[in-house]
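Undergrad: These are the residues of each chain, in order.
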Amino acid sequence: MQSKLEKVVAGLKTGPRFLKELREFDNLVKAIGECKSKAEEDRVISQELELLKQRLSDPKLDKSRGKEYMIRLMYCEILGHDASFAYIKALQFASDPNIHTKKAAYLALTQFLDYNDNLVLLLVNTLLLDMKSDNYLIVCTALVAATRLIGADLVNAVYPVAVERLRHPKEHVRKKAIMALHWFGQLDPRRDGPLAGVELDKHFRTMLCDKDPSVMSASLCALHDCIKVDPRPYKNLIPSFTSILKQVSEHRLPKSYDYHRFPAPFIQIKLLKILAALGAGDRAASENMAAVLHQALRRASTSHTIGSAIIYECVRTITTIYPNPQLLAAAAESIATFLRSPSHNLRYVGIDALAGITALNPAAAAEHQVAVLDCLEDPDDTLKLKTLELLYKMTKANNIQVIVDKMMGFLSSCTDEHIRKDIVRKVCDLAERYAPSPAWFVTTISEVFRLGGEHVDEADAHRLVHLIAEQDASLHASAVEAYLELLDGESAVASATEAATATASGTMTRLPRKKLPETILLVICWVLGEFGHLARRPAQAVLARLVGILNVHKAASDRLRGCLLTALAKLAAHTGGATGPVGQALIQPHDGGAGSAAGGAAGQDAADLVHKCLNSQSLELQQRAHELQALLRSTPPVLAAAMPVDASCEEFNPQDLAAVAALPFLEGHVARALAGGAAPYLPPEARGGRTGDGGSKGLRFAAYEPAPYAIPLAAASTSYAATGTYDSRSSSMTGASGPGLAAGASAAAAGVPSASSITEPQLMVKSAGGRKWGPAQYETDYGASASSSQAAPLAAAMVPPPPAAAAAPRSVGAHHSRTGSSASLTGQTASERERLAASLFGGSGSGTTTAVRPTAAAPLPAGQRQLNGNAIATATRPASSYAVPTANPMDLLLDLDVPPPQQQQQQQQRPAGAAAIASGNEASQPAGNWMDSMMAAPAGPMLPAAPLGGISQVGGSAPLGGSFLGPGVPNGPSGGMMYGIQASRPPPQQQPGGMGIAMPAPMGGMMSSLQQPHFVQASGLGGEMGMGMAGGPAGYGAAAPPVQPQAWQQQQLAAGMASGMAAPIWPQQQQQQQRQQQQQQQQQAGRFADPFEDLLS
Amino acid sequence: MIHFVILMSRQGKVRLAKWYSTYNMKERARVVKEITPMILARPLKLCNFLDWKNIKLVYKRYASLYFVCGVDAGDNELITLEIIHEFVEVLDRYFQNVCELDLIFNFHKAYYILDELLVAGELQEPSKKAIHKHIHDQDELVEKAKNGTAEDGQAK
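In order, the protein sequence lines correspond to chains A and B.
Mapping to full-length UniProt numbering: the first sequence position 994 is 994, numbers consecutive.
Mapping to full-length UniProt numbering: the second sequence position 2 is 2, numbers consecutive.
One or more hints might be untrue.
25 Å max Cα-Cα, derived DSS-like pairs, lysine-lysine [to be verified]:
| hint | chain 1 | residue 1 | chain 2 | residue 2 |
| --- | --- | --- | --- | --- |
| 1 | B | K109 | A | K393 |
| 2 | A | K384 | B | K128 |
| 3 | B | K144 | A | K63 |
| 4 | B | K45 | A | K36 |
| 5 | B | K26 | A | K246 |
| 6 | B | K133 | A | K170 |
| 7 | A | K38 | B | K56 |
| 8 | A | K211 | B | K26 |
| 9 | B | K56 | A | K170 |
| 10 | A | K170 | B | K128 |
| 11 | B | K53 | A | K426 |
| 12 | A | K53 | B | K60 |
| 13 | B | K133 | A | K30 |
| 14 | B | K13 | A | K30 |
| 15 | B | K56 | A | K426 |
| 16 | B | K33 | A | K38 |
| 17 | A | K393 | B | K128 |
| 18 | B | K56 | A | K255 |
| 19 | B | K129 | A | K246 |
| 20 | A | K384 | B | K13 |
| 21 | A | K421 | B | K53 |
| 22 | B | K109 | A | K170 |
Cβ-Cβ distance ranges computed for the label pairs, FRET-style [said to hold, decoys possible]:
| hint | chain 1 | residue 1 | chain 2 | residue 2 | range |
| --- | --- | --- | --- | --- | --- |
| 23 | B | P43 | A | K53 | 20 to 28 Å |
| 24 | B | E34 | A | E164 | 23 to 31 Å |
| 25 | A | E333 | B | E143 | 51 to 59 Å |
| 26 | B | K26 | A | K30 | 40 to 48 Å |
| 27 | B | R10 | A | Q54 | 44 to 52 Å |
| 28 | A | K53 | B | A29 | 39 to 47 Å |
| 29 | A | R261 | B | E27 | 21 to 29 Å |
| 30 | A | A477 | B | K26 | 50 to 58 Å |
| 31 | B | R10 | A | K53 | 38 to 46 Å |
For the record, the hints were derived by calculation from the structure and aren't laboratory data.
Idealized CB from N, CA, C, for every residue including glycine.
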């Protein structure tokens, strides 16, 4: 810097022309350059500003130095100092006749002000005069200033003059006039504001034909903006655009437009963007531009960045317009060079382009798997992030675990809030859509909470709670342990940080560095309260951890404290009531701090907490604390009824609900009061004038917003109850899914609990209806997992092992194994990389993309569920297991060649998903709605092809049989069935078919409607592939705790509709027949004797 | 579109800043403060793109100067790089072997040139020759004005 300054000083002496005129400015710059510190620099600038202020307010101001003053002001502003005192002066200088003062003033104004500033009003007149000036340079300056300074309120004043300038003889002026109009158009993109009725685009169209290429290119910018808003009116310009692009790429423009020997690349790219906007989703338009796109792609080369830029833009255009196979192939070919390039920039755009192509042709990514993996391991975060985005787009059920692992790895190292938020959102989204098992979902989401809890949406917390509630006891226990560990870690950190202030120990590298966010604490409170008794450690220890939360989070909100109280109450209720260790601790009288026998220090803390809440300012807390004490002091049966163990998923019986709502137990009291002369109750609307007037004067009779405390549970359930579904897209689910098995409800039936506010959350969760989570991709059917004790943890066993020979890119569902992810961790050796690639892309690392067509492609997500059910009274526990096949429509279509010998039969036995589709159009079918229509008719023939492969293994290995629920299976607690077929093309007679009818849930009238079969008929196919997998003979089962005959009929009806029967009512006979058939088949299969089968018939 | 163009030195000092979207003074200061360390800290070999909030930063280093553009997330990054490069080429030709000091002492000229290249966040002049001609016309006019020969003079 010093030597350079000397150079400048020398330059000053020799005097290049542009250094002469600004002596004082030069001195200023030099002074700044010599500053040693920021403070010194600030002092220099303040002095300078003082000086300028003085000079500018001097009436004898030397106008000829106006330019210098302006430049000095700008310099001060660039350095971050406020020069607003001079804005008015700048406005004055703008009307100075001297052009260089004027230009400097305009420049300063565009730097200082923007169109929102009121000072601009003072400039409009000057601006208009200058736009009409004879000097074209002044006109240009004014037009450029207009693009910064004119806002929507002033457009109309300036617009006519700008339009007039379009006819100026100088191309410079025409060009800038277009840019000004372009800016005006942006101010009012829909032309419904100040520019309503103005024909801006007519001018743009005219100028597109200007003889000067610069003017034409400026009008392209403007047109691009208009087209982005609404492409329809511009479709007729497509021939013009394509012909311009053709000429440009053929080098017809003057040499001066070349850039590194590429013909006018900036114009080409603009045109490509316009074509993309015009061709999107328009087949005819896209066909018209195909040839010229091909030409542009061919003529560009990667010899220079600009050539790559054109290719990249071509690829983006090709992936945006209506898909054209030849163009796509050419595009895929050209990005191969990008991905192989050593330049990070090119790889970055390569990955981006690949993401675009993959969306249209999923196989494309497989060719570049090694390059993609390289990018994933690159030290460059931007590139890594882009690659994660690509992976996000190509996530399928078979690679989700690897991809989510990768994302979590990135999340733990990333510090940028914006990116963290994005990743958290993506992980949650993927986990919802493709989670291979509930246990995986729970651990993943909990991990997300730990790493990036501050960004997690509360809705995700609700889903997590809901999901945990629906699972079995072993999962509950593992969730409890996981959360206790989380709390252990947190309190360890808290005590360590306290200690660290004295000792500065450095041993907490592995522990979370920050406090847990409140959302996860609420979840933890709920889980520990509900299932804390399952913990391996004694109840007192759980109590200590719960109370310990408040030691770490001293400023915990009332909401958290309320949840904590409820959790303590439930914990006490589940561990012996008032006489249990927790109960004793909670109800012991507050003795002012002296340690008490029960529960030790933690017990004392808990007692303190309860005591504080009893006197809390928050009514909510007071009430909870009083209720807690009252409940704990009541008799054990009351306590058990109020807080039943693990009853969070039970159903509300609507009749009971109605009965409770009518408050029958108050009738005696009311009668007495009436007898005593009280006025009878009138509902508000029946009260007539008096109150009505009051209401119209603004008194509010509607309920206020409910207090937020009941969240996460109550809020979750209310939202469920209201909408009946999480996802508006998945409408088939709405409310209809009575997931609960009768068992669950009946187990707890003894105490449909008196609805105290404490237990409210427990009661309602399940009424939310079946689990229907995730946008319409996959519905793994979690709904029916009723609550009960009997665990049948078959899930693990049900996940098929990776098919050894499945080299195909889109192979089997759920064949991912943990080895993939562990490989990715070490990820250095080639073989491990191959495995990673295999797990990501479903193909072998060596890129054998030719591969066997994956017969295994099971297009329909099969949520398999096994009803291992037993007595209703003891509650059934469906062992949920999930096989998650790929949902690849292409595979589905391609595998269609499996002969459909049993089409007829299939028609009747279509899996529930299909039934849902056929019956209601509302099925949010996993593969997306467009598939629905495709599948509806030929569903029969397709089915045999459906769950071949991955699932077939299950068929072989799961002797209990499972039901493969079809796509979009509404959460029926379904029994199910399974076909086994011996080969992929089985002759019909070898195919023992069977059908399963899945059974009615107890849900009843509350939400049932015809389109929404609660009860699903499930069928699936297991088949043996030619790859040496163990093929299963047909296994099939049907299980059903039939509870409501009415519901059963509906089920039948749905099935009937599914099979294309028009008859709205399923004939009794046919029902009979079907059941008999079913029984026969079951006997044939002889696999799965269901104890309830007889109840069905 | 391009939201802003910032030139900064390796020490993080802003040499030139042009804002095409609306940012008030406070926001401008914050943008500069936030992106400076991100860009200065990046090793040379990595790619020249950065995601920052909802925009994408495309930057390139020339000698001691970083040229940074903030563009829409969906824009073509490579072409933005080339716009930067074209700007540098024009500057280079105008100042004859441009160095950072040229830009410090003549930042208003750099602004004029940038105004020829970009208007309202879009590239408006793809031809370097046209830019040079225009700038040359301006300089000539200014010279005339200074010599007092043409106060309100007409160029050509």
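Undergrad: Compare the structure with each hint and give your call.
TA: Okay, the hints, checked on the actual structure:
no.: 1; hint: B:K109 - A:K393; verdict: 46 Å, violated
no.: 2; hint: A:K384 - B:K128; verdict: 36 Å, violated
no.: 3; hint: B:K144 - A:K63; verdict: 17 Å, holds
no.: 4; hint: B:K45 - A:K36; verdict: 31 Å, violated
no.: 5; hint: B:K26 - A:K246; verdict: 46 Å, violated
no.: 6; hint: B:K133 - A:K170; verdict: 13 Å, holds
no.: 7; hint: A:K38 - B:K56; verdict: 30 Å, violated
no.: 8; hint: A:K211 - B:K26; verdict: 44 Å, violated
no.: 9; hint: B:K56 - A:K170; verdict: 36 Å, violated
no.: 10; hint: A:K170 - B:K128; verdict: 17 Å, holds
no.: 11; hint: B:K53 - A:K426; verdict: 16 Å, holds
no.: 12; hint: A:K53 - B:K60; verdict: 37 Å, violated
no.: 13; hint: B:K133 - A:K30; verdict: 32 Å, violated
no.: 14; hint: B:K13 - A:K30; verdict: 15 Å, holds
no.: 15; hint: B:K56 - A:K426; verdict: 19 Å, holds
no.: 16; hint: B:K33 - A:K38; verdict: 14 Å, holds
no.: 17; hint: A:K393 - B:K128; verdict: 40 Å, violated
no.: 18; hint: B:K56 - A:K255; verdict: 32 Å, violated
no.: 19; hint: B:K129 - A:K246; verdict: 23 Å, holds
no.: 20; hint: A:K384 - B:K13; verdict: 29 Å, violated
no.: 21; hint: A:K421 - B:K53; verdict: 11 Å, holds
no.: 22; hint: B:K109 - A:K170; verdict: 22 Å, holds
no.: 23; hint: B:P43 - A:K53: 20 to 28 Å; verdict: 44 Å, violated
no.: 24; hint: B:E34 - A:E164: 23 to 31 Å; verdict: 43 Å, violated
no.: 25; hint: A:E333 - B:E143: 51 to 59 Å; verdict: 55 Å, holds
no.: 26; hint: B:K26 - A:K30: 40 to 48 Å; verdict: 30 Å, violated
no.: 27; hint: B:R10 - A:Q54: 44 to 52 Å; verdict: 35 Å, violated
no.: 28; hint: A:K53 - B:A29: 39 to 47 Å; verdict: 21 Å, violated
no.: 29; hint: A:R261 - B:E27: 21 to 29 Å; verdict: 41 Å, violated
no.: 30; hint: A:A477 - B:K26: 50 to 58 Å; verdict: 53 Å, holds
no.: 31; hint: B:R10 - A:K53: 38 to 46 Å; verdict: 33 Å, violated
Hints 1, 2, 4, 5, 7, 8, 9, 12, 13, 17, 18, 20, 23, 24, 26, 27, 28, 29, 31 from the list above are not met by this structure, while the remaining hints are.
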